[in-house]
Each structure stands twice: as structure tokens, then as C-alpha cells.
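4 protein chains.
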Amino acid sequence: MSLNPVIDMLGRRLRLAVIGGGTGSFIGAMHRQSARRDDRYQIVTGIFSSDPAKSKKDASELGFESDRIYSSVKELYEKESSRKDGIDAVAIMTPNDSHFDYSMWALERGIDVICDKPMTNTLEEAEALHKKVQETGLVFCLTHNYTGYPMVRQAKAMVEAGELGTIRLVQVEYVQGGKADENKVFPAGYWKFDPARGGPSLVMGDIGSHAHNLTRFITGLEVDEVSAEIGTIVPNRRVHDFGGAMLRFNNGARGSFWVTQAAAGVENCLRIRVSGTKGSLEWMQEIPQALTFKPLGAPSENRTPNGPGTLPLSARCTRLVAGHPEGFPMALQIFIPMPPKRLRRDVLANKQTR
Amino acid sequence: MSLNPVIDMLGRRLRLAVIGGGTGSFIGAMHRQSARRDDRYQIVTGIFSSDPAKSKKDASELGFESDRIYSSVKELYEKESSRKDGIDAVAIMTPNDSHFDYSMWALERGIDVICDKPMTNTLEEAEALHKKVQETGLVFCLTHNYTGYPMVRQAKAMVEAGELGTIRLVQVEYVQGGKADENKVFPAGYWKFDPARGGPSLVMGDIGSHAHNLTRFITGLEVDEVSAEIGTIVPNRRVHDFGGAMLRFNNGARGSFWVTQAAAGVENCLRIRVSGTKGSLEWMQEIPQALTFKPLGAPSENRTPNGPGTLPLSARCTRLVAGHPEGFPMALQIFIPMPPKRLRRDVLANKQTR
Amino acid sequence: MSLNPVIDMLGRRLRLAVIGGGTGSFIGAMHRQSARRDDRYQIVTGIFSSDPAKSKKDASELGFESDRIYSSVKELYEKESSRKDGIDAVAIMTPNDSHFDYSMWALERGIDVICDKPMTNTLEEAEALHKKVQETGLVFCLTHNYTGYPMVRQAKAMVEAGELGTIRLVQVEYVQGGKADENKVFPAGYWKFDPARGGPSLVMGDIGSHAHNLTRFITGLEVDEVSAEIGTIVPNRRVHDFGGAMLRFNNGARGSFWVTQAAAGVENCLRIRVSGTKGSLEWMQEIPQALTFKPLGAPSENRTPNGPGTLPLSARCTRLVAGHPEGFPMALQIFIPMPPKRLRRDVLANKQTR
Amino acid sequence: MSLNPVIDMLGRRLRLAVIGGGTGSFIGAMHRQSARRDDRYQIVTGIFSSDPAKSKKDASELGFESDRIYSSVKELYEKESSRKDGIDAVAIMTPNDSHFDYSMWALERGIDVICDKPMTNTLEEAEALHKKVQETGLVFCLTHNYTGYPMVRQAKAMVEAGELGTIRLVQVEYVQGGKADENKVFPAGYWKFDPARGGPSLVMGDIGSHAHNLTRFITGLEVDEVSAEIGTIVPNRRVHDFGGAMLRFNNGARGSFWVTQAAAGVENCLRIRVSGTKGSLEWMQEIPQALTFKPLGAPSENRTPNGPGTLPLSARCTRLVAGHPEGFPMALQIFIPMPPKRLRRDVLANKQTR
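Chains as they are written, first to last, in the working numbering: chain W, 1 to 354; chain Z, 1 to 354; chain U, 1 to 354; chain Y, 1 to 354.
Any given hint could be a false lead.
List of simulated lysine to aspartate or glutamate pairs, EDC-like, C-alpha gap at most 16 Å [stated by the list, open to error]:
no.: 1; chain 1: W; residue 1: 56; chain 2: Z; residue 2: 8
no.: 2; chain 1: U; residue 1: 131; chain 2: U; residue 2: 108
no.: 3; chain 1: Y; residue 1: 56; chain 2: U; residue 2: 8
no.: 4; chain 1: Z; residue 1: 56; chain 2: W; residue 2: 67
no.: 5; chain 1: U; residue 1: 56; chain 2: Y; residue 2: 222
no.: 6; chain 1: Z; residue 1: 57; chain 2: W; residue 2: 286
no.: 7; chain 1: U; residue 1: 57; chain 2: Y; residue 2: 182
no.: 8; chain 1: W; residue 1: 79; chain 2: W; residue 2: 61
no.: 9; chain 1: U; residue 1: 56; chain 2: U; residue 2: 75
no.: 10; chain 1: W; residue 1: 278; chain 2: U; residue 2: 182
no.: 11; chain 1: U; residue 1: 278; chain 2: W; residue 2: 181
no.: 12; chain 1: W; residue 1: 278; chain 2: U; residue 2: 75
no.: 13; chain 1: Z; residue 1: 79; chain 2: Z; residue 2: 108
no.: 14; chain 1: Y; residue 1: 117; chain 2: Y; residue 2: 97
no.: 15; chain 1: U; residue 1: 278; chain 2: W; residue 2: 67
no.: 16; chain 1: Z; residue 1: 192; chain 2: Z; residue 2: 127
no.: 17; chain 1: Y; residue 1: 278; chain 2: Z; residue 2: 39
no.: 18; chain 1: U; residue 1: 74; chain 2: U; residue 2: 101
no.: 19; chain 1: U; residue 1: 192; chain 2: U; residue 2: 97
no.: 20; chain 1: Z; residue 1: 341; chain 2: W; residue 2: 8
no.: 21; chain 1: Y; residue 1: 57; chain 2: U; residue 2: 8
no.: 22; chain 1: W; residue 1: 56; chain 2: W; residue 2: 67
no.: 23; chain 1: Z; residue 1: 278; chain 2: Z; residue 2: 181
no.: 24; chain 1: Y; residue 1: 278; chain 2: Z; residue 2: 97
no.: 25; chain 1: Y; residue 1: 84; chain 2: Y; residue 2: 65
no.: 26; chain 1: W; residue 1: 57; chain 2: Z; residue 2: 8
no.: 27; chain 1: Z; residue 1: 84; chain 2: Z; residue 2: 67
no.: 28; chain 1: W; residue 1: 117; chain 2: W; residue 2: 135
no.: 29; chain 1: W; residue 1: 341; chain 2: Z; residue 2: 67
no.: 30; chain 1: Z; residue 1: 278; chain 2: Y; residue 2: 160
no.: 31; chain 1: Z; residue 1: 278; chain 2: Y; residue 2: 97
no.: 32; chain 1: Y; residue 1: 278; chain 2: Y; residue 2: 181
no.: 33; chain 1: Y; residue 1: 192; chain 2: Y; residue 2: 182
no.: 34; chain 1: Y; residue 1: 131; chain 2: Y; residue 2: 160
Computed footprint of chain W on chain Y, listed as stretches where at least three residues anywhere in the stretch have a Cβ under 8 Å from a Cβ of chain W [as the list claims (entries may be wrong)]:
no.: 35; stretch: 292–301
no.: 36; stretch: 306–312
Which residues of chain U face chain Y? A few of them, derived with a C-beta cut under 7 Å, are [claimed, not checked]:
no.: 37; residue: 33
no.: 38; residue: 39
no.: 39; residue: 58
no.: 40; residue: 62
For the record, the hints were derived by calculation from the structure and aren't laboratory data. Where a beta carbon is used, it is the ideal one built from N, C-alpha and C, also for glycine.
Excised from the complex, chain W in its bound form:
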């Protein structure tokens, strides 16, 4: 493989705009890092806030060219789609109620879309988007990012290769504590606590969608029947913070589903166990480099990224040598220093040449 297959294919990087993810956003930094990681994307513009002034300040700090700094999403799409070097794709990481419009407008302009989950706040909107994607033939990606972990891909590949036999039982849970403290003060008007903006069920949109997706991704099965209770545990909250369900899959397998953001002290425990006729797999997001395979009648095994037995689907999504967790290049990055004094802006202003 070449060092940069995108440049090899296109003669250039893909040009990306980002919508949302400004100062103070966690997922914004994640998107930008992820886009840059393999140097396949160049982020050329973005709208970082619904406040145009704040957005322009962020855009300037990210070093965008001045003629690519826009006041609104619509303006961005219009102007970029008329440039010869306009964006190829847009990454949308705004409150849920805007996903539909921002995606639809992009598709209408011929722009590929990378959209944060949940797709939309209503089924009707989701189906309309789906139809538009089919009509246009454009790319629409939903960031069910946990399926990008090498060991999740390994799990899927092992199921596909028949190493588990027929799937019989699935347990999935996504348990967080970040919204457990009823005394914690969230920003006034926090959109996630507003059902009109965050959607009908906070816990299902925020993390239930990941749990459901992870189950489908690894097993290849669809949920056919559900018995569920979705509700609210923490007092004085207008949105759901837990959901439990029993599942029947389309091959007859049975499942358990449990998601909550009200489990005080738990950090981010997305966990799955899949059992088939020939063995079980266990994975937990908090130690994502570990996949446990428990074959029927043989010792259980610890599978690791690029370790022995890695299947191609998994190998393709890590750049690492076995034993080096995915955080390895981030630790290396910490090492790379901030600019020394002699290069600072004020010094440079007085000294045009080196």
C-alpha cells in the first residue's frame, strides 16, 4: 500500500468542512483529529457555532483561508459547491434536531455527508434522508464510531468466519454515570435536556443507538421483537436516562439490552457478549484493546490488535504493532513540542526571513 492511498487515487487530499464542534466541544476535536490522522482529508472550512462571530473566531484560529470563512451552513454549502476546489464532504456534529436539514442540504448540493448519530429525531426524517442518499448515489456515513475499534472489527470478522457457530444469545449494555448526579449544574438551555432539540429519548439517541448498532454490526442479526421499558430515574429531568429491553433476533437468538446515563461513578462501560454454538466473545469499550474469545471446550483466549489470529477486517483498521494500544501515537504526539520562543508571532513579525 502506498503511504497515502488517497493522494495516490485523487492526486490530492479530500476537502472537508466541519459543522459544529467549536471551543469546548469534545466531539469536535475528535472529528478533526480523526480526519487528519491518516492525512487523507484537508479541513478547509467550517461553521463552529450558531453565533457567527464565535464561529468566525474559531475558523480563523484553525487557519482557514479568509475567503472560506462563512456566516451560515447554507452559505458554506452554496459557496463551496460553486468553487472549483470546493469541499468533497461535510462532517456534521451539531445538535440532533439540525442533522436532517444540514444533511439534506448537503446531499442536494452533491456533497458527501459524515453525520453524527443519531441520524435524525424522527423516523420520517431518517427515511427521507435514506431515500435522498439512494437517489443521489452520494456517501452518507453515520458515526457509529465504536465499530471502528480493531477488536470490534475482529469480533465481527470472527462471527462472519463462523468461529462462533450460530449466534444464540447476545448481551449488550452501555452504562454511563455522567448524568447521574442530580445536583450537577448543566449549562442553561443545554440542548440534550430539551426533547425538542435532543430528540424524544436522550439515552436512546446518545448511547442506545450505539448499543443497538454494535449488536447488529458484530452479529449481522436484526432485532425482530422487543419488550422494553424506557424511562427516567434522576428526578426533575424531562428526558430518558435508562432503557432496558429483551430482544428476539431474526434467527431466533435472544438478547438482553441495558443502557443508562444514571449509574453514578461508572465512566463509559459499553460492553457486549455474543454467544454462539461454538463459543462466546466478550468486549468492553473501557479496555478496547482486549477481546476475549471463549471457545467451547478449549481455554479462553485474549485477542489483541494485530495479535495472532487477527483477521483482515480488523488488521485494516489499525496501524499498530501488537502490544501497542491505540493510544500509542497520542503518547508520541504529546512529545512534539509547542513552538519555541524564537518562532512566536511577534518575533516573526520583526524578522521576515529565518
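Using the hints provided, position chains Z, U and Y relative to the given structure of chain W.
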């Protein structure tokens, strides 16, 4: 903090050249990803191979401008240092015997250096480099990258804050199995197995230097006295593959040191335990998001990146919310797709506008 | 405390008979070890098989006196209850359909009962036994042995002490793989696969009862409402092998319940997470010496038997110094009760015969 | 196998005396539990304290017959060895300086010995005891109890079966924190802090002996050469609290050895890694039910007591079904030997007196 403090400071990204790390290299991809992660560097040129043709092919695939593709390190330094938009820094990831020359030449041209460990193959060279750095006032970074993990920084910060009391005992080990198999075929002329190129002691240069550095970094102590055996376990090998030592630190603490690349089946176990009068800390690179603190007379604690009790030195080196391992953005990145067909080079060639 | 509080109280050990648990039985050996562990019981007789010859052989090998070797449970109860040195208690570890008769007959003879779970095969029988116990004032112990682990007792004690605040969410699972293999050959007429003998639901009687009990024991809550599916996954089986449920507790807390014996490759994963307003607790039977406490807003803690923070309820059920793990039969042993008042030394002094 | 092979062989249990281990002793309770666990021993007498009154009180509480309560070890040996139903064996758990006399006197009276480690305080005494054991043909057991854990036996069996290939590297550590706190008040005259009673090196006698024994037991190798530092870290202490060594084994393998009781906050971390040409094994006492096998070129495996792949040496020392963890006193119990030939039923038949 601004979204990009480097652009904020300089009005532009730092300009970086990379030496080494071409096709097939693990550390090359790591360096490039790390440089790009926070968008503080722009990699503008590089020499990827001692074979000029191979180097130029790699440089072209990385999308460098044609007037920045060079035939040799010397040419690169000369031409870049005379450009107005020349490189600020060079990252060196070549065989160990070239570190001295490539670093020295860069410093002589006023270029900051990011150099892979070990620094040089002899103490004399290291001291000459050190003297040059002091004379020039330039930046010289050695990539002891494991100290960039958030929980290693947390460990250092806890020691500095006195949470362990006076350090008494240190155990450090770096155990790998990658060179354990005597039947494994390495490339002919593999430089690591050539003492003239890889240096006098493979295991000490490759991983012993990390173990020693990690100890100093976390404890702030220096090793005063050593009783050691360094040698070779795997037959027919001209380089060292294990080293053991007992250590006496400059505050009277005692230590155990054990490094080997001959432990069949072990992946990459860099592990440290530091004990002081008030408690012990334990960390292992294979699960880098976990730091265990065992205080005297109280339950042991699991510290996590950005979890409760995170100290500023640690917080500064992660971008993540607690419960999301450092691999989180890489999993997200996997999600971002390769270019769709309509954008491929051959298609673009026939269609200049979108 | 004296070295043997039973001898201190009675002037002798308690005299125990065992029913069931002969050659080839796992639980039989566990019972006998547990009875002996603290030297508070002397096993003086037993019926080990419904085949009198086999039973007598086992009894002889255990060293019972010849005049205490019996042909039937009824005979044992009759003759022992008329001896001056007759048994104080009987431990019953026979197939489930015999629990009711063997317990009832013992209670009718004034003998205390230690009975394996499930109590009986029908609710009516259980209620009749309960009534008899209340009438007679005798001791009736059901061996929910997992509650004897020191860290389960610690969990209960922490909940009682208010360290978790108000309980909001409970997840309990008991997942085994021992009956997952549809090709495994079980003994002909194996009673567990016969609903008439093993009861209406194998998985609920075998392990569901433990999961339910563990939840009640730790939380002190009762299940008020249930939505459940209980069924069979492995083909050609007449008994249940999985059960899932959503729970509503009597304080409004919500719960998830999942038990199965059909998870290929899993050994014996009984696991519970309890979340309250102030933090969460996590425990797993496969590493019973570890209890994780995740307080709201502070680092998670690893609690260990007799380690820092151990509460009296937990301390009382281990004989060990911190760092020395406990074992399963010790947990069972904890269950075996102290002598009831009517047998205490001062009572006996005034009443030479039973 | 019969339910009680000792009764099967002898027609009775073995008769045991215990010396030491009275009220307040941890190891005393462990010995007594372990002796009783499989009902192969009957503890008939003991001396629990050097204070005769205290000893008699303990003996009485343990329910010994009044004519078997003695004032001194010598009296116990004399009177027991002249009884027809006298003791078969003695278990010695007294301060180290008494091990030699109490063992020697027992051997001189024809009594088998189970002695706590370390064997004696001097090499001369150890050699004298060894000579006496050879002359008498009696049994002398030293309680290196950690080798009784099922997974330690499994490790030894896997090495013996060649599953690791030729052993190349061994790391062993035994790290405790119980004596780390310099402010902790120990009982006045505590024998372990008195070199004359506890022996020349507290840390080596207490735990170094276990670490050394564990290494020999699993690998079957002997240490040929040592470079070591043994010393004292905690101020104001007359005995050693840490020891480090580099080892050369008799097959050329290299090793690292580290023991300390001064690691604040650590509980009881006895840990070993053994690497051979074909793979590595890792075990840690704090989770004794887990043995990790890391084969060259295949996924690492988790071995469990009686789990898949269990070898006979390991299977023989657990009574448990896979997934049910073992405990410390069970490991000790494994140590208590089967009856020697001279006591077997057929021998006794021809020889009514001892």
C-alpha cells in the same frame, strides 16, 4: 484555549521534515500521525529511504510539492534552510548510527530536532550533541514517547505532589517477545542485528532506554549505582536480548530493572511499580488508561485519563472525556471513508470542475 | 473469640447428617468440607445414594460408626432422633423433588435443616415448609452460598451503611456454558433434564434463584414487578436454559436480570452491578476477592477481603489476612449456622436428653 | 476414588498434633482448617502457646480430651509416642528459632513432621534435619503452600510436558506492604523483628523462601549463581525488608528476583513469569485462579482450575468445577500428605502397636 494555539502563536503551523519512516515502517506512520493530530505541524518534505528513488516515490505519495523533494538529508537541510518558508524542525527516525550526523547537521543549520531514541550510539556523540544544543539554544527532543501517556504524566504529577511520600522502591520491566523466535527470518542485513548500526546493545537501545527514562521521568530520581548483567539468550545472535540490574537511586531508594526481547509470546509489557512511604503506583503500557494507586491504609484506586483526581500535567496531554480510551478518535477515524468512485483521479482527469 | 466457639458453647461439636452428595458429586464434597472447616460440626452419618448398597459403601468410607449406617432417609431420621447422641442437623443435597419431603420429615423429628436451593419444586410446598419452620421454631437454612463471599457481605454492608445512597439501578447476570453443548452426553435419566424431578425451570432453579437472592441480599430491596421471557435455546431439551427479565423494585429502582446455561465457553459468571445516588458497586463471582466501588466524583476503589474499609459483616466471614483470596467452599461454610439456643451449654446442662 | 481414601487405607483418620497457632494467629487457623478439609486428619492435641496456662485454655476450647492436654512440646511428644492411639504427625507453626528442636525431637520419637517455612535459622541445622530425615525414613514436609494452588501445579505440569520448550527467562517477585509503615506499632518483643528468633533475614525467611521455592517448583531448575543485595529500607528496623537478585540457572537461563515487605499499600503480590522457547506463563497469587499462557505465535490463553487443558497434577489438587475459585487454606491443605506406607491398613494389621 484556542482551537489551535500554534496558529494563534505563529499565524501558521510549524513546518516539519521527516527523515526515515517510509513504506513498511511502523514508527514512520506513528510520527506522521502524531505530528498531524492537533494540526500544529505541516509536514512539508522528507527523506524516506537511503535509496533516492524509493524516497522520492514515497514523498510524492505524501503529496509534497515537487520543489521540496530531495535526494539526500544534506540537500534537504541546505535547501530548506535557505527558503523563506523553510522547515522549522526535523523528525529523525533512521537507524541509530545516523542519529548523530542528522541531528548535528540540523542544529548547525538552525533547525530544531525531534530524534528517535536512542540518542546516539556512543556517549561521546551524545555529549557532543548536548553541547551543540546548549550553544545554539535550539530545541532537541528525544522521543521517549511512553512518557506521553496521560497516566504516566499523572504518576509523575502524583509523585511531585508528594502523594507517595519519599520514594523507597522502584521496579521497572520492559518485556517483549518479538525477537524470541530463533527460527523467525528477519530481512537480510537487518540493521538492528548489526551492532555497528544498531549500537552496542540492541535491548538497551531499543527498550532499556525507555525503561530507564520512564523511571527517571516518574520518580525524578537518578540512578547512582548499578549491578547488572546484559547478555544474549537466543542462539546465533550478535546483539543483546536481555538485561537485568539492581539499582541504587540518589536518595537511597532501591530498584529492580529487567528488559528483554526474548520472552516468547509476550507482546509489549512495559510495567513500573513505584513505592514511597505513603503508597505505591502501578502502571502497565498494555493497558495504558489504567493507573493503580495503592495508598497506605486505604483502598487501592483506579485512576483514569481525565477521571477524578486528574492533575494538570496529565489533563494537558489528553483531549478525551473520562472513560474514553486514547484509541477513541482512531476508532472514529476508521469510520471516515475512502474517496468515492466519482472522485477518483481518472474521473477527475476528465472533469475539471465539479 | 475462642478458638472454637461451638465447643465453647456446647461442650461438643454439632452432629450433622448428610443426605446426598456421594461419589461423583461436586456439591457433596463442598458441603462436607464446609461443615468441617471451622471444626464446628462432626458429620456422624449420611445417606449418599438412593441405592442402599452404594450409600453404605460411601458411609463406610467416610468412617461412620457401624450402628449409624442406615438404609433410608426415614430410618436415619427415626433412629438418630431416638439416640442420646443423635444428630442436631441434616444437610440435604438431593434432587430438587425430594427437598420437600426430606426437609419436612426432619423438621417433624425436631432436626434442624440445611437444604440446597431451590427450596422446593412448587410454591405450595415452599409455603408449607415455611409454615412448619415457624411452628417448630427450628432452623431452616437454604444454601444461597454466594452470599457467603466476604465481598458480597461487604457490598451488602456498604449499601446498609448508606455508602451508595438510594439504590436506583441493578444489573444481575448469571451466565454459564456447562449445558451449551448440544452434543455433550449427559447420564441417562439425568434428573436435571427431567422437569418432574428438577422442577419446572432448570435455569431458574439452578442459577436464577442465586441471581435473585444475590440481588435481594445486597440491596435489601424486593422485586415488585417483572416482565420476563424464560425459554430454551439448545435444541432437544425439555427444560429451560435461559431467562431474561426487566425488574421494578419496591423503591422504584429498575433492574435487568439475565441467566443462562447455554453460553458456550463461559464458565461461571455470576455478576452484579448496583448503582445508587452516591455511587456504584460491581462484583463478579469468578474473581470473588475483588469488589469495585465507584463513588460519584471520586476515583473507583478496589475493595478486598479484610482490606482497608472492610465492614464488620464482611470481616466476620473471612479468616484471612488481606491479599489472601478466599474459596468457594469457604463461602458455603459461612452459611452453616451457629448452634441455636436450645442446644447451648447452659440449656443442655438442665436437660440431659433431647 | 473413595470418598475418604485415608479411612479407606487406615481404617481411621491420621492423628495430628499442632504446635503453635493459638488465639490471634492467622496461620494456626489456616493449618487447622486445611488439616480438616478433606477429613483425613483428626487433630487430637496441641501446644498453642509457650505460656502453659494459655495453651491449655486453647486446647480445651478445641475440644481435646483431658488426658491429651500437655504443658510442653517435649511432654506432648513423650506421652503421645507411648500411647497406642498416639499422634501420627505434628504440625509446627512456631517462631523460626524453634523449628529445629521441635522437628528433631519429633523425628527422634518416630513422628512425621509438617513444618512451617523457613526450615531452620541456619544452614547447619537444616542439614542436620535433612540427615535425620534420611536416617529415619520419616516424612518431613515444609509448608511452601503456594505450590498447592491448582494453577501453580498446572504451570509446573505444563513446563514438565514441554509446552514452554526450554526455559530461558524467569522473573519472580514477592511484594508486600504489611511492614511498610514505620509508624505502625507492633507488639513489644515481636519475634519477627528479633534476628535471633526470626532468623538472619526477615524478608528472605518470610517471603523470599516462597519466591525461591516457587521458581524451583515450576521450572524444575536450580539457581547456580546469584548477584544480590539484601537490606533494610524502613528506618529503625534491625531486620531486612527487601532483597533483589539476578539469577543464573543451571541450564543457562537468567532470572530476576525481587522481594520486599516495605511496599506501602501493596497487599500480597507473589508473581512469576516463566519464558521458554515456545511461550511464557504468568501467575499472580492475588488472583490465583488465573494462569496466563502466552504461546509463541498464537493468542494468549487464560487457564483456570479444572478448565480445558488442565493436566493431572493440577486436577488432583482441586475439588472444584471450573469457574469456581479456590482459596488459600485449600492450597495449604493440598500440602498435607497422604499416609506413609508404614501406617497403611495391611501394615497395621500385622503390627498392633506403633
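Hints and how they fare:
With a C-alpha separation of about 14 Å, the suggested pairing of residue 56 of chain W with residue 8 of chain Z holds against the 16 Å cut-off. Taking the CA atoms of residue 131 of chain U and residue 108 of chain U, the gap is about 12 Å. The hint holds against a cut of 16 Å. Restraint check for residue 56 of chain Y and residue 8 of chain U: satisfied, since their Cα atoms lie roughly 14 Å apart, inside the 16 Å limit. Of the supplied pair hints, the one linking residue 56 of chain Z and residue 67 of chain W is violated, its CA atoms being roughly 34 Å apart against a limit of 16 Å.
A C-alpha spacing of about 49 Å is found between residue 56 of chain U and residue 222 of chain Y, which places the hinted pair above 16 Å, so the restraint is violated. The straight-line distance between the Cα atoms of residue 57 of chain Z and residue 286 of chain W is roughly 40 Å, outside the 16 Å bound, and the hint therefore fails. Among the hinted pairs, residue 57 of chain U with residue 182 of chain Y is inconsistent with the structure: their alpha-carbon atoms are about 59 Å apart, more than 16 Å. For the hint linking residue 79 of chain W to residue 61 of chain W, the alpha-carbon distance of about 21 Å lies beyond 16 Å, and the restraint is violated.
At roughly 13 Å between alpha-carbon atoms, residue 56 of chain U and residue 75 of chain U fall within 16 Å of each other, so this suggested pair holds. For the hint linking residue 278 of chain W to residue 182 of chain U, the alpha-carbon distance of about 10 Å falls within 16 Å, and the restraint holds. Distance restraint check for residue 278 of chain U and residue 181 of chain W: the Cα-Cα separation of roughly 8 Å lies within the 16 Å cut-off, and the hinted pair is therefore satisfied. Among the hinted pairs, residue 278 of chain W with residue 75 of chain U is inconsistent with the structure: their alpha-carbon atoms are about 48 Å apart, more than 16 Å.
Of the pairs offered as hints, the one joining residue 79 of chain Z and residue 108 of chain Z holds, with about 14 Å between alpha carbons and a cut-off of 16 Å not exceeded. The straight-line distance between the Cα atoms of residue 117 of chain Y and residue 97 of chain Y is roughly 11 Å, inside the 16 Å bound, and the hint therefore holds. Only pairs whose Cα atoms come within 16 Å are accepted, and residue 278 of chain U paired with residue 67 of chain W is rejected, the gap being roughly 52 Å. Simply put, residue 192 of chain Z and residue 127 of chain Z have alpha-carbon atoms about 23 Å apart, too far for the 16 Å limit, and the pair is violated.
Distance check on the hinted pair: residue 278 of chain Y and residue 39 of chain Z sit about 45 Å apart at the alpha-carbon level, beyond 16 Å; violated. For the suggested pair residue 74 of chain U and residue 101 of chain U, the alpha carbons sit about 10 Å apart, so the restraint of at most 16 Å is met. With a C-alpha separation of about 10 Å, the suggested pairing of residue 192 of chain U with residue 97 of chain U holds against the 16 Å cut-off. Note on residue 341 of chain Z and residue 8 of chain W: the hinted pairing holds, with a Cα-Cα distance of about 13 Å set against a maximum of 16 Å.
Taken as a hint, the residue 57 of chain Y and residue 8 of chain U pair is honoured in the structure, with Cα atoms around 11 Å apart against an allowance of 16 Å. The straight-line distance between the Cα atoms of residue 56 of chain W and residue 67 of chain W is roughly 11 Å, inside the 16 Å bound, and the hint therefore holds. A hinted pair counts as satisfied when its Cα atoms are at most 16 Å apart, and residue 278 of chain Z with residue 181 of chain Z does not qualify at roughly 42 Å. A hinted pair counts as satisfied when its Cα atoms are at most 16 Å apart, and residue 278 of chain Y with residue 97 of chain Z does not qualify at roughly 33 Å.
At roughly 15 Å between alpha-carbon atoms, residue 84 of chain Y and residue 65 of chain Y fall within 16 Å of each other, so this suggested pair holds. Taken as a hint, the residue 57 of chain W and residue 8 of chain Z pair is honoured in the structure, with Cα atoms around 11 Å apart against an allowance of 16 Å. For the hint pairing residue 84 of chain Z with residue 67 of chain Z, the CA-to-CA distance comes to about 14 Å; that is within 16 Å, so the pair holds. At roughly 22 Å between alpha-carbon atoms, residue 117 of chain W and residue 135 of chain W are farther apart than 16 Å, so this suggested pair is violated.
In summary, the hint linking residue 341 of chain W to residue 67 of chain Z is not supported, as the alpha carbons are separated by about 29 Å, beyond the 16 Å threshold. Between residue 278 of chain Z and residue 160 of chain Y the CA atoms are separated by roughly 42 Å; this puts the pair beyond 16 Å, and the hint is violated. For the suggested pair residue 278 of chain Z and residue 97 of chain Y, the alpha carbons sit about 33 Å apart, so the restraint of at most 16 Å is broken. Of the supplied pair hints, the one linking residue 278 of chain Y and residue 181 of chain Y is violated, its CA atoms being roughly 42 Å apart against a limit of 16 Å.
This hinted pair checks out: residue 192 of chain Y and residue 182 of chain Y have alpha carbons roughly 15 Å apart, not beyond 16 Å. At most 16 Å may separate the alpha-carbon atoms for a hinted pair to count; residue 131 of chain Y and residue 160 of chain Y exceed this at roughly 29 Å. As drawn, the stretch 292–301 of chain Y meets chain W at 7 residues by the rule of a beta-carbon pair under 8 Å; at three or more, the given contact holds. With 3 residues carrying a beta carbon less than 8 Å from a beta carbon of chain W, the stretch 306–312 of chain Y meets the three-residue requirement, and the given coverage holds.
Annotation: residue 33 of chain U was flagged as interfacial toward chain Y, and the flag holds, the nearest CB pair being 5 Å apart, inside 7 Å. A distance limit of 7 Å between C-beta atoms decides the matter here; for residue 39 of chain U the minimum to chain Y is near 6 Å, and the interface restraint holds. Using the Cβ-Cβ criterion of 7 Å, the hint placing residue 58 of chain U at the interface with chain Y is satisfied: the shortest such distance is roughly 5 Å. Against a cut-off of 7 Å between C-beta atoms, the interface hint on residue 62 of chain U holds, since the closest Cβ of chain Y lies about 5 Å away.
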